[in-house]
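Sequences and hints are given; from them, build the entire structure.
In order, the protein sequence lines correspond to chains A and B. Numbering (this note's numbering) for the first sequence: 1 to 823. Numbering (this note's numbering) for the second sequence: 1001 to 1118.
Just so you know, these hints were derived from the structure itself, not from any lab. No experiment lies behind these values; they were computed from the predicted model shown. Hints are supplied without guarantee of correctness; some may be wrong.
[Claimed, not checked] Taking lysine-lysine pairs in the DSS-like style, the calculated list, with each CA pair at most 27 Å apart, reads: (1) A:531 <-> B:1007; (2) B:1026 <-> A:616; (3) A:567 <-> B:1052; (4) A:729 <-> A:567; (5) A:616 <-> B:1052; (6) B:1026 <-> A:596; (7) A:305 <-> A:250; (8) A:202 <-> A:257; (9) A:63 <-> A:616; (10) A:98 <-> A:250; (11) A:680 <-> A:729; (12) B:1026 <-> A:567; (13) A:509 <-> A:531; (14) A:680 <-> A:759; (15) A:722 <-> A:759; (16) A:603 <-> A:729; (17) B:1026 <-> A:680; (18) B:1026 <-> B:1096; (19) A:603 <-> B:1052.
[Said to hold, decoys possible] Footprint (simulated), chain B over chain A, 3 or more residues, beta carbon under 8 Å: (20) 270-282; (21) 562-571; (22) 655-667.
Cβ atoms here follow ideal geometry from the backbone N, Cα and C, with glycine treated the same way.
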Amino acid sequence: MVDSTKTDNRERLVVIGNGMAAGRVLEELFERERDRYRVTVFNAEPRVNYNRIMLSPVLSGEKTYEEILIHDDAWYAANGVELIRGEKVIAINRDERKVISAVGTVADYDRLIVATGSQPFIIPVPGHDLDGVLTYRDLDDVEAMLAAAEKGGRAVVIGGGLLGLEAAAGLKARGMDVTVLHLMPTLMERQLDQSAGYLLQKAIEARGIEVVTRANTHEIAGAAGAVRAVRLDDGREIPADIVVMAVGIKPNVDLAKDAGLEVNRGLLVDDLMRTSDPAIYAVGECVEHRGQCYGLVAPLYEMAKTVGAGLAGDDGLAYRGSLTATKLKVTGVDLYSAGELAEGDDREEIVLRDAAHSIYKRLVLQENRIIGAVLYGDTADGPWFFQHIKNGTDISEMRETLIFGQGFAGAGPLDPMAAVAALPDDAEICGCNGVCKSRIVSAIEGGQATLDGVRATTKASSSCGSCTGLVEQLLELSLGGDFARAVADGMCPCTDLGHGEVRRLIAAKELMSIPAVMQELQWKTSCGCAKCRPALNYYLLATWPGIYVDDQQSRFINERVHANIQKDGTYSVVPRMWGGITNPTELRAIADVADKFAIPTVKVTGGQRIDLLGVKKEDLPAVWADLNAAGLVSGHAYGKALRTVKTCVGNEWCRFGTQASVSLGVQMERFLWGAWTPHKVKMAVSGCPRNCAEATVKDFGVVCVDSGFELHFAGAAGMEVKATQLLCKVVAEEDVLEHCAALLQLYRQEAHYLDRMHKWLARVGMDHVQAAVVEDADNRRDLYERFVFSQRFAQSDPWSERAAGRDSHEFTPLEGPKLEAVT
Amino acid sequence: MKLTTEKWLDIAALNDIPRRGGRVLKVAGGCIALFRTNDDQVFALDDRCPHKAGPLSQGIVHGAAVTCPLHNWVISLETGEAMGADEGQVATYSAKVSNGRVLVGQECLRLGMEPADG
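Spelled out as structure tokens, the structure:
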């Protein structure tokens, strides 16, 4: 017996299964009546309750097991629930109201909940029982896949549905070569039509995953008891170190069947979720309700509400079946599907295709009502369409613009806040937990002022989390400035995401513009702020060289007009002097410009360049034209870019010089100029260890020695004074250039915007930089080549472009008002 | 005496001002900053930050606010008030868009004739 306490005479509730449905039933029950039952839960897995829908992020490495726990040990203790782990229940004795586990534990019940879930289908082809044939259902499966992925090699995933594709993406992210085999002509054919399936296949293939459709598995071939390959009906053989079967699930009903409960495909339940034995409820994927078995979380949670209420004595909350919507949890693939998608004589459809952007939207209509929706590429309107499906809204009035979604108002870019404000009260915000807008708003009005508070009271955003942004927008709408977002490592108040996360998502989701980033990453402001916009502009520029179009309005004035703004609103300009070398012609041009434009101050900078201070903004293009005419180009003294390469005179003149520091400095500057970087970059080359160019307080410094070049980096002599670290020693000048460009590229790829090199180094560590730039020659070459590639788009003199008339609006004030008044 | 804004002055085409950007309008008494927001509203303010007289017209425009290029004060385009912890206000003028043209209230001509807050 589990509990022999005679004094506790509460009713006994036993739960078989500890998945998401069972966990949710207990929450629903405890919310209504905390102490009515003595609760015992049997869990065949040796674990607490975790969020099974988040297994794919665990597989791909975006989350850890700890992050997907729903109920930890403390929860069971706090609620007085006895959790028996690792024991599978093998029999229900309905006559004596007992359950018996495989190790002989017996538990009496007054009420019993069967929540045995489902199990994966195994296709019974020859070889299905070989070592290395896995399913994808629980954490054990994920751990088995992770162990296999650690060895690398090839994975074949059988099944191109939701689970199969998530498994494939996860295994690919873990470094395996992956092939997906799918029996049908298009992927996810149960949720998608052919067009969306095609786009999905392209997106999956673009991640380097091979997709074979119309693939009928004939057998799994083995060697020495382990998987070796998958053979198809047409004779093709695909090598495999592991095979993941993800072809579907079937309700787990053996236990219920043995106990004599009525079973069809699933365990049969009525609208109160009662089985044929009134003392026994069933919930989750093991049940069949009105002919339907469900494999998604939202219906399970709706069922759990009914069971929780029923256990608390309230039979008024009947479950009447669910409409379901699906999202694919593969980072960077946006796909949403809801309702009925089949064509029919009485059905019409509205389709929008945008091939250039890989967007596809299709609505299935019946009698002026939406009954199904597929969205690919842009899924923002999914919940809105789903709401109309559920409500059975008559859409004849808005039919013309329906496909453009909720935001369509005929003008202006989308403001996400306005879209949230416009949602009706009964709009579903959290699909996993079925929480509507009014429930969240009333929780906020009831005093919840934080995301965690709303999660705790409404459960919204507590499952897959994809609605977190919406919930936060509701908090912000209701509380305004009183809502303190979690900005711990956020870029700025416009987002909770940190710099690193934003950079990762820009690449993973292939976001190519600032509006795309703000839309996809659910920015909380309509067009960002002066902190995030320049950072996003840089990240996009660094991620998509040659593709992304620089957004001038997201640049600080210095970079917008290629000159430094000074305290009185005038500007200063610094022409480039390669390696600090100039000549009489250039000096004469500078002197002439200073005279011609009455430039009040001419000053030598700390970086061995000449600064012309006090230039009027309107004069800038003409000043540049004159400087350009003498062969001088912009020194980027205003930019987050390479500023200067300072040099000493080196072995050409100096009696101690060991190498040609001047010509090396010139080479470096000519090679590196124009590159946009997270912060300013200063360099120096000293011809000997006396270090007259002060190379050891620069972002990158070269100290020439007899045997070659010492390469230093991550120094600074500004607000913080930092001596450089030694990167390595090299022998030839071309090695200096290759290491320098590779280092700069790594910094550009990894640093947060406005981090000098030493701050980036402090975060990633010396080992990381040396491994990437020094030890791994292939990687260094790769970084170098990426740098060279992006320089193709960076090395054009911004001064000559402006002198030729580009962005002339920047430099000319508007004429005074025309004095004839208009009304 | 207070001028009303019954009379509007036609200044420029809306597209003369970059979206999320600003232009300087020179009038007899000084400079006015004209801004165009992401959603094509226009605003007119004195082109002097209340902090150290920075040229607001050169700042980054976001939402209905501009960040001063000198020391990052954020000024509301609607009220001219400094936002956040900073305190101060810059004079504002009425401005609107009509048929693709930017119109500014003629009271802007008073700029420099008496104290902006006067």
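Open item on the list: Check the hint pairing residue 1026 (chain B) with residue 567 (chain A) against an upper bound of 27 Å on the C-alpha distance.
Closed with: holds (20 Å)
Task: Restraint status (C-alpha distance of residue 1026 (chain B) to residue 616 (chain A) at most 27 Å) - done: holds (14 Å)
- [ ] Would you check the hint for residue 603 (chain A) and residue 729 (chain A), treating anything up to 27 Å between C-alpha atoms as holding?
- [x] Not satisfied, since the Cα-Cα distance of roughly 36 Å exceeds 27 Å.
Task: 27 Å Cα cutoff - pair residue 305 (chain A), residue 250 (chain A) - done: Given pair residue 305 (chain A), residue 250 (chain A) holds - Cα atoms ~23 Å apart, limit 27 Å.
TODO: Between the stretch 655-667 of chain A and chain B, see if three or more residues pass the 8 Å beta-carbon test, and mark the coverage as holds or violated.
DONE: Our answer is that it is violated, as 0 residues pass the Cβ test (under 8 Å) against chain B, missing three.
Task: Holds or violated: residue 531 (chain A) to residue 1007 (chain B), with C-alpha atoms at most 27 Å apart - done: Cα-Cα ~38 Å, so violated.
Open item on the list: Holds or violated: residue 680 (chain A) and residue 729 (chain A), Cα atoms, limit 27 Å.
Closed with: Distance ~24 Å between residue 680 (chain A) and residue 729 (chain A) Cα, so the pair holds.
Open item on the list: Between the alpha carbons of residue 1026 (chain B) and residue 1096 (chain B), is the straight-line distance 27 Å or under?
Closed with: holds (18 Å)
Task: Hinted pair residue 603 (chain A) and residue 1052 (chain B), Cα distance within 27 Å - done: Given that 27 Å is the threshold and the Cα spacing comes to 24 Å, the pair holds.
Task: Holds or violated: residue 567 (chain A) to residue 1052 (chain B), with C-alpha atoms at most 27 Å apart - done: It holds: about 8 Å lies between the C-alpha atoms, which stays within 27 Å.
Task: Restraint check for residue 1026 (chain B) with residue 680 (chain A), where alpha carbons must lie at most 27 Å apart - done: At roughly 34 Å apart (the allowed maximum being 27 Å), residue 680 (chain A) and residue 1026 (chain B) break the hint.
Open item on the list: Just to make sure I understand the rule, a stretch counts as covered if three or more of its residues have a C-beta closer than 8 Å to a C-beta of the chain. Does the stretch 562-571 of chain A meet that for chain B?
Closed with: With 3 residues closer than 8 Å to chain B, the stretch 562-571 of chain A meets the three-residue bar; holds.
Checked against the numbered hints listed earlier, the structure breaks hints 1, 4, 8, 9, 16, 17, 20, 22; every other hint is satisfied.
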